[in-house]
Structures are given as C-alpha cells and as structure tokens.
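Make a model of the complete structure from these sequences and hints.
Heads up, the sequence shown is in this note's numbering, so the first residue is 2 and it goes up one at a time.
These are computed hints drawn from the structure, not numbers from a lab.
There's no promise every hint is true.
Taking lysine to aspartate or glutamate and the EDC-like style, the derived pairs with C-alpha atoms no more than 20 angstroms apart in a straight line are [what the hints assert, rightly or not]:
id, residue 1, residue 2
1, K73, D86
2, K141, E84
3, K116, E49
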Amino acid sequence: MDRRELIKTIAVLTGASVVGGQVFLSGCAVEPKDEGPFTADIIRLLDEVAETIIPETDTPGAKAAGVGAFMKVMITDCYTPAEQDAFLAGVKALDEYSLATHQMSFMDSSPAQRKSLLESLLALAKDFNAQRKESDAARKAEAEAAGTDFVPTPPHYMTMMKQLTLWGFFTSETGMTRTLRHLPVPGRYDGNAPYSQGERAWAE
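Structure below.
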C-alpha cells in the first residue's frame, strides 16, 4: 500500500489529520535523537493499547508487529514538541482514566475492560477533536489578522494512539505479509517472459 494513501485512509478512519504524516513523508528527523521519556514500561503499555485496537486472531496482532517501539520512533522523530507533550500526557491520562473507571491500571485490566475503556476514550476523542477544529479555526483567523504564527492544537491523545497503531501495523512486515496480501517486487518468477535483444535482464 502506498504510504500517502495509507496516511489518507488513517485520517478518514480517525477523523483527524495524521500527526507527523507530512513530516514523515519529507524525511522526519535527519539527526538521531535520544529516546526521551520512553521507558520500557511505556513501550509495553503502548503495545497493549495497540493490541487492544488490533488484537491477535488467526493472524498476529499489533504487539507482534512491535507497534509500541514504532510509536516511540515516530513520536521522537516526527512529532513537534507540543505533540510529544500531548501524547506523553495522554499516556498518564489513560492510566488515570482506567483507575477511575475500573479501579485498576490499564495493564492490570482484563481484555474486555481494556476494549471498553478505549471505546469510551475514542468517543471522547471524537468530541474533543470536533471542538478543537472549531477553536483552531478561530485561533488561526486571529493569528492571520495579527500577523503571528498559528500553532494548531494537537488531537486527542487517543486519536494519536490509534493513528500510530494503524500506521505502525500496516507498514510492518507482519501487517503487510500476514494480514494484507503481499505481492513481492518485481513479481513472480516467469521463465518464459518476453525479451527483446538489447534489454537488460532481471536480476531476480
């Protein structure tokens, strides 16, 4: 699947522009960055969030695809500082929401509790993003009138988590070869392919 088309599809599915999408397509960070606050515990949590969104069935789920580690790289290299802060604040907020809802952390919750929790958060995210769109439109107009820079508000953290889950899974080897149908390039072997004198032969 073409990366631009995948990003467009994720935007439609999540109702918000894909955070870091354009930066990713233009190359993201050119200098290596440190891992920042992404501890092993946070990556495990993100793996479980992603697995709740795309669970293992007869094919591997998001955790098997290493989506938590993918999130860390994308956030570190392609998110703005404001987007990074919003996402990391969301990691904390997710656990607080789980404690308030189920009286236990997300990691200690059952698969059914996790699914219910994320469904509730995605509903909240939809409302948040709708209000954000209206607020940002007004703020952008004010910034243009004042001749100042406009910095959009990051989407709800659950929207970012879902975007990165879909993005990470469907660009992984697992997602592309075990879930989607995979056609190797340049294609199947054909020992009787047409050949014109002077053409370069296939390497494989």
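Cross-check of the supplied hints:
no. : hint         : in the structure
1   : K73 <-> D86  : holds, 13 angstroms
2   : K141 <-> E84 : holds, 18 angstroms
3   : K116 <-> E49 : holds, 11 angstroms
When each numbered hint is compared with the structure, no violation occurs for any of them.
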